[in-house]
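Sequence order for the protein chains is A and P.
Per the numbering used here, the very first residue in the first sequence carries number 4; after that it's consecutive.
Per the numbering used here, the very first residue in the second sequence carries number 4; after that it's consecutive.
Any given hint could turn out to be false.
Counterexamples of contact, computed for chain A against chain P with all Cβ distances above 10 Å [to be verified]:
# : residue
1 : ALA178
2 : ASP214
3 : ARG639
FRET-style restraints, in silico, Cβ to Cβ [unchecked claim]:
#  : chain 1 : residue 1 : chain 2 : residue 2 : range
4  : P       : ARG405    : A       : GLN187    : 22 to 28 Å
5  : A       : GLY30     : P       : GLN404    : 18 to 24 Å
6  : P       : ARG347    : A       : HIS575    : 45 to 51 Å
7  : P       : ASP257    : A       : GLN187    : 21 to 27 Å
8  : P       : ALA12     : A       : ARG405    : 42 to 48 Å
9  : A       : ARG31     : P       : PRO216    : 51 to 57 Å
10 : A       : GLN332    : P       : ALA244    : 47 to 53 Å
11 : P       : ARG31     : A       : GLU346    : 30 to 36 Å
12 : A       : GLU346    : P       : ASP257    : 21 to 27 Å
13 : A       : GLY30     : P       : ILE163    : 49 to 55 Å
14 : P       : ILE163    : A       : LYS401    : 21 to 27 Å
15 : A       : LEU474    : P       : ARG305    : 50 to 56 Å
No lab work stands behind these hints: they were computed from the structure.
C-beta atoms are modelled at their ideal positions from N, C-alpha and C, and glycine is treated no differently.
2 protein chains.
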Amino acid sequence: MSSDFNSVAPLLNPASIAVIGASSDLGRVGGMPVKYLFASGFKGGIYPVNPSRREISGLPCYPSIAAVPRPLDLAVIVLPADRVVQAVRECAEAGVRGAVIFSAGFAELGATGATLQEEMASIARAAGMRVWGPNCAGLINLHTGATATFGSHLSDPRLIPGSIGFVSQSGAVGAYLFSFARQQGIGFSHWVTTGNEADTQVADYVGYLADDPLTRVIGIYLEQVRDAERLMVAVHRAHAAGKPVIGIKVGKTDAGRRAAMAHTAALAGDSAVYAAALAEMGILEVESFDDFLDLMGVVAGRHVSVGRRVGIVTISGGVGIMMVDRCVQAGLEVPELPVAVQERMRVILPFAATVNPVDVTGNIANRPEVYAQYLELLLEQQSIDVVVAFLGHVVLAKTGQRFGRETAAIGGRSGKPVWLVAMQDPEGVVRAAAASGGLPVFQDPVRCIDALGALARVTSWAKDPERPAVLARRAACASVAPGRIVACRRVLSEVESRAFLRSAGIPGPREQLVHSPEDAAAAAAALGGPVVLKVISADMPHKSAADAVALGVTVETAAAAYSRIVARARRHRPDARLDGVLVQEHVEGEAELIIGARRDDVFGPIVLVGAGGVLVELIRDRALALAPLDHAAAARLLAQTRASQLLQPVRGRPLLDEEAVIDLLVCVSRLAWEHRHEVASVELNPVIVRRRGEGALAVDALIELS
Amino acid sequence: MSSDFNSVAPLLNPASIAVIGASSDLGRVGGMPVKYLFASGFKGGIYPVNPSRREISGLPCYPSIAAVPRPLDLAVIVLPADRVVQAVRECAEAGVRGAVIFSAGFAELGATGATLQEEMASIARAAGMRVWGPNCAGLINLHTGATATFGSHLSDPRLIPGSIGFVSQSGAVGAYLFSFARQQGIGFSHWVTTGNEADTQVADYVGYLADDPLTRVIGIYLEQVRDAERLMVAVHRAHAAGKPVIGIKVGKTDAGRRAAMAHTAALAGDSAVYAAALAEMGILEVESFDDFLDLMGVVAGRHVSVGRRVGIVTISGGVGIMMVDRCVQAGLEVPELPVAVQERMRVILPFAATVNPVDVTGNIANRPEVYAQYLELLLEQQSIDVVVAFLGHVVLAKTGQRFGRETAAIGGRSGKPVWLVAMQDPEGVVRAAAASGGLPVFQDPVRCIDALGALARVTSWAKDPERPAVLARRAACASVAPGRIVACRRVLSEVESRAFLRSAGIPGPREQLVHSPEDAAAAAAALGGPVVLKVISADMPHKSAADAVALGVTVETAAAAYSRIVARARRHRPDARLDGVLVQEHVEGEAELIIGARRDDVFGPIVLVGAGGVLVELIRDRALALAPLDHAAAARLLAQTRASQLLQPVRGRPLLDEEAVIDLLVCVSRLAWEHRHEVASVELNPVIVRRRGEGALAVDALIELS
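Only chain A is shown next, with the shape it has when bound in the complex (with noise of 0.2 Å):
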């Protein structure tokens, strides 16, 4: 698959470039090109085609495609949605390697322009040429200077070359942080848009960039995933090379799908489900455009990874208990100080507060070393690996320059990073002081904390041997089950689901089928003790609804009881079929799970796993991943939920069998994965819970059919 990512080279690094459309009025969609190539310095050819031209802007203008002289890279298509195909044709006719396509007019216009758009690919298909768009906004090379793109942008076109590769399905929005980015001074590697996606996606633009040398992180905007294991391979590759990549996924609320929809005519889907698909991915998943820049400015810097223990040297003790405050939610740890250090501290200044956070106090403007000398010693503690420090305007005023060359100083020198927060640098000399020496500088100390809680995250998750890892989980389990399971109709009742699940090793009560009162009767003194009963009817799965359950029934009142919930379902659904009534034993239990999978459309199946019983909608405790699961991914989905606090012996309660549920998940997730052709969900609930060594009981199973 390697190779795959390969082929789009010539989209992403060409060394020539014809502009099909193009136009002499440089202020036009087809004379933009032309003009960028030429400002931002693209020293390969270009090659403007317009059969009414005979140059533009001093180049030789070509008829067509075919009389340009020399073998191409890369065509730019600038023409109305109904002479594309056409000129997609005379592109690979002439052997050239690539083509972008801005027009619109395609899939996102309804079926016709579907027809069209699959039209034109499988002509690139069939000639190997690769295709980027259509409805897209191009890309630009920055460090080549090949900006195949159109837009205003680019209207500095001034490029700032450096190790971010960012790819995003939307034009505009990847325009905007392409200004908002140069605003800042941030540097991309390559800049793409991928529009429709008729052949190539952003999981190629992701692989190919994985290898790119010149690219160390990679920004990723999404509205939908079309190809989720292709992404998934792209993204393990990316990380493989020892670069982050960060995403914003929008279309997360209903709201946002509906509006998803009118803009793409693409569901968004499942938040959860994507939360979990990306996180398993290890994509780290950003809110806002903020947030995207404030990290892609991070780890375009000198330290790509950070780990969670901080120490904060502030000249404010209010800033100092904020970013307290705020690393604690993050999921860091600020740690104190060992008492010696604290003690050279105070020698260098008395009433610094020095547990850490270090407050030195504003008095550092007249005593700058004293800064320095904390900085130090913060770098050089075992506990801590990173330093965030919080100047301000008292210190900044005069010498800003100097603390920003000063704290970029010291962190060359330290192996650890420094980060530093210069509140009041309006004109840009402590971030440009401090950005030369590679350190992430921020305005706002609260958006530092997030953005280094961030970064920890996506760091130990790189660094967690045990991270998941579904592509090889897929991959060990790569059989598809053959059909086993028969049934005619689409929800199975309760006594097939359970012969499916007791078949694929999952447990449920012992239990009888019975079709008379007397039956009835017999099954429970069998079974011993007290019961539960239970009308089944695949035409009645939600049997609570129908009151068609007796429970704690005993062996004296077993008939009487089949005779009252078989009355009561047929008065509920006159028309249903029944099956019979099930005869269970009562299962009695420490704790209550729900374990289920459904299949994705994107992602395939999927796991969950939470508190069951009355709790599953008093508490959303859920926990999901993609199928299949180890017993290694299991246990750390289950412990991602709250319920499995429910398994510890805690208070009073006795220790569960947490084995067995990890048993049950895996069981469930593999017989979701194996069977993704056939089943589209399954649910236990409840599945009770008992002591250690005592199991796990699956009481409700339903299994939905594709």
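Chain A is fixed; fit chain P onto it per the hints.
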């Protein structure tokens, strides 16, 4: 109490200012106030006092405060701590109405400093002179130019007079926010830092600003609240005048509180209590300086309130989705537009998305009149309270000023607020054009929506006729109950607790205290049916840890159970005094809650309610409010919990006795309030809730005295 607030007027609006310890070096702390008073155009009298100078900056310098020829409103004292007391005494004798004390070296340094501070404060109190600080950075009245402050935040002394009254306990944080706000063009009416608050505190200034005609909004930065009731009165006064109060409170986490202790030697208090108390007062709490300034900027504009129903017009579909997502998360609505309106919109621009968000695309760069028409159509809708417009680089690059002005003009004609997100406005021309019409202007769409959500929350709070009014509740319940609790122990035994609760109208199960196995059997028979046995001993408040409880005991097994649990309790705590064994009816119910109260050092008695029993640790579902509660406040509090869903008849569960729970909450809250001088905490867990009409019973009760 209102005249009290007025007593700080000479501090906030002085007509004459002396600077005691004035220095002729205008770069020093003693020189800066003189320099700033000149530079900021203060029209009142300026009187430097320093026995070793004849003249400072062309002004006559006086040897002592007594030598100043006229009565003084304000003296700024810039002397070492050991000379402050004498200076305050001289000011008091000279009839000065108020003094600002910059000097550090008082309570923040410990007991000796605290004594000095109290001496100083009592001299001022005796003379009726108000004091500010010590250890503060003074004040600025931006409308009169009274700049009784020092520090580099005024190194650019051009003041931006505005409508935000700002009060900070920290001088450093106050200074940052001052410069930060100025950088963004946000103006203040007053800027105040309060330091150690020996005499006046944040509440005093909030109360004054509530009446100040030039102040429309009040911002506060808090590390601790000294007099909660005074703050409640002041904030209530601000709301009565239609002025929102925005606050940051630091020291929320344990680590943050430790840092706060190191900083100000003051306990920052329990963050959950603070959050509940600030929410109940209607203070809009924000978490970062960015959020704080975002909101200040907004409310300094035309509209200090906003509704929840948002119309969005965007030139980017992607950003539109993002904003809708965030609206939902922020509790805002994005209603679909009426079909007729959508049709009108499509006549104007056929390819626009019109549901809401309305996506006009970058094409409006060429057709700006479309933007205006859409904006006006959105504002006309009855279903829309506020419109957010997103404009980006593509339309702002050339015509930003025009779009800004047009947005402001349309917003000005409409009675409804319009908020603008201008992404990429590096020169600030869009902001300036829009802000001239009082429009809030943001750069990041997510931050815009967050601010909108926050303002909408506080608006709906302010408009709610049934909003919580703790002052009224406390006034209506003013009496302190005579000491009804007679106990020689700090923790009451369950029997003592229950007797006291019963006297306060709080029901428990039927029960009997017995002292022999035989009596236990007799009691079980009398109570009829299964019972619970509990060893009673104030030395063992946590019975379950001692296994000193027996459940499901019948008449037959009662005697044996008695002996068993007494033996266990003796083994567990051989030295414990046993008061007997409680035989209690077995109470069954459908849901378990926890109801409690405890006394907070700052805010007095606090009530809490949440999911009880095993759920307490599992879901930490607790809602807090200030005691006492009336029926309406108790109902609101209960509705904030997830546990309240347990009381509703969903999924086959019965409707439970919500009224009984509310009554119980009211009772507990009144008890905690009336006995606030004796009772430190009350915990009822579990409270068993039965079906509607059957009541709620506190099965376990624990009362702790102070």
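Structure-based check of each hint:
no.	hint	verdict
1	ALA178	violated, 6 Å
2	ASP214	holds, 28 Å
3	ARG639	holds, 19 Å
4	P:ARG405 - A:GLN187: 22 to 28 Å	holds, 26 Å
5	A:GLY30 - P:GLN404: 18 to 24 Å	holds, 20 Å
6	P:ARG347 - A:HIS575: 45 to 51 Å	holds, 49 Å
7	P:ASP257 - A:GLN187: 21 to 27 Å	violated, 35 Å
8	P:ALA12 - A:ARG405: 42 to 48 Å	holds, 43 Å
9	A:ARG31 - P:PRO216: 51 to 57 Å	holds, 56 Å
10	A:GLN332 - P:ALA244: 47 to 53 Å	violated, 34 Å
11	P:ARG31 - A:GLU346: 30 to 36 Å	holds, 32 Å
12	A:GLU346 - P:ASP257: 21 to 27 Å	holds, 24 Å
13	A:GLY30 - P:ILE163: 49 to 55 Å	violated, 39 Å
14	P:ILE163 - A:LYS401: 21 to 27 Å	holds, 22 Å
15	A:LEU474 - P:ARG305: 50 to 56 Å	holds, 55 Å
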